[in-house]
Amino acid sequence: MSLKILLCGAGGRMGKAISSISCEHDCEISFPVDLGDNPADGIDSCDVVIDFSLREATLPLAKLSAQAGKPMVIGTTGHQADEKNEIEALSKQIPMVWAGNFSTGVNLLFYLTEQAARVLDSAMAQLNDIGATVFGVSVDSPFANGAFAKENGLEFTLLSDVHREMITAYGMTFENFVIDGYTVANRGVVIVEGDGTVGYVWTCESLGEEPDYAAIIAHCSQ
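According to this note's numbering, the residues represented by the sequence shown are 1 to 222, in order.
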């Protein structure tokens, strides 16, 4: 018997992708939801709710799913703190999977970035002692960077390179990451000297590679 899915955001890119492969996995989009549709009309006939829609739709949909006792998968992002708190509270009532990105590659990148941030954060005392100022650079939005810095307790400023200007200038682009046309920042280190010249540049050759933090501290100590 097919798993019946209420799919919110059925007309979007992810919604269409899920619909196109649902039959291959013994699933059926029993109630596709898009703008103007009422998910309450299909909640009783589905086995699970999947949301790849808009931020504003997630919380009402989560409340509806909880009331109906339906498991929920959320792939929508951009929620405010109060919305997140309410959704997390609802996850205690029903099974819920919530991720900002369902790509294995992107989630691996998130993990590696978190690990690098923690390692570099542990060296902050040494860098501060020698008078170095540390900035992190990400291609994410300032809002996403702020949330990431807060969640990981970063003690250095995280800048946003959403237009990919810096990573392009320093050859630190990771192009066609997971999907064609999607460019992320490759892991790298740039040290700008006191006179404004660039004295040190390092770029990783694979996702799992980390910089030589001892060498970075040694260079800044010169």
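A couple of the hints might just be wrong.
[As the list claims (entries may be wrong)] If you anchor each label on the Cβ, the simulated ranges turn out as follows: (1) Asn128 <-> Glu151: 33 to 43 angstroms; (2) Lys63 <-> Leu3: 48 to 58 angstroms; (3) Gln126 <-> Val97: 49 to 59 angstroms; (4) Met166 <-> Leu3: 43 to 53 angstroms; (5) Val97 <-> Val201: 32 to 42 angstroms; (6) Glu165 <-> Ala123: 18 to 28 angstroms; (7) Gln126 <-> Leu3: 46 to 56 angstroms; (8) Asn128 <-> Gly199: 12 to 22 angstroms; (9) Glu205 <-> Ala89: 22 to 32 angstroms; (10) Thr183 <-> Lys92: 14 to 24 angstroms; (11) Pro60 <-> Met1: 23 to 33 angstroms; (12) Gly181 <-> Gln93: 31 to 41 angstroms; (13) Tyr213 <-> Leu3: 42 to 52 angstroms.
In short, the hints are calculated from the structure, not lab data.
All C-beta atoms in this analysis are idealised placements derived from N, C-alpha and C, irrespective of residue type, glycine included.
Cross-check of the supplied hints:
1. Asn128 <-> Glu151: 33 to 43 angstroms: violated, 22 angstroms
2. Lys63 <-> Leu3: 48 to 58 angstroms: At 22 angstroms between Cβs, range violated.
3. Gln126 <-> Val97: 49 to 59 angstroms: violated, 40 angstroms
4. Met166 <-> Leu3: 43 to 53 angstroms: Holds, at about 45 angstroms.
5. Val97 <-> Val201: 32 to 42 angstroms: holds, 40 angstroms
6. Glu165 <-> Ala123: 18 to 28 angstroms: holds, 27 angstroms
7. Gln126 <-> Leu3: 46 to 56 angstroms: holds, 54 angstroms
8. Asn128 <-> Gly199: 12 to 22 angstroms: With Cβ atoms ~19 angstroms apart, the hint holds.
9. Glu205 <-> Ala89: 22 to 32 angstroms: violated, 44 angstroms
10. Thr183 <-> Lys92: 14 to 24 angstroms: About 39 angstroms separates the Cβ atoms of Thr183 and Lys92, which means 14 to 24 angstroms is violated.
11. Pro60 <-> Met1: 23 to 33 angstroms: holds, 29 angstroms
12. Gly181 <-> Gln93: 31 to 41 angstroms: Given range 31 to 41 angstroms: holds, Cβ gap about 39 angstroms.
13. Tyr213 <-> Leu3: 42 to 52 angstroms: Since the Cβ atoms of Tyr213 and Leu3 sit about 48 angstroms apart, the hinted range of 42 to 52 angstroms holds.
When held up to the earlier numbered hints, the structure conflicts with 1, 2, 3, 9, 10 and fits the remainder.
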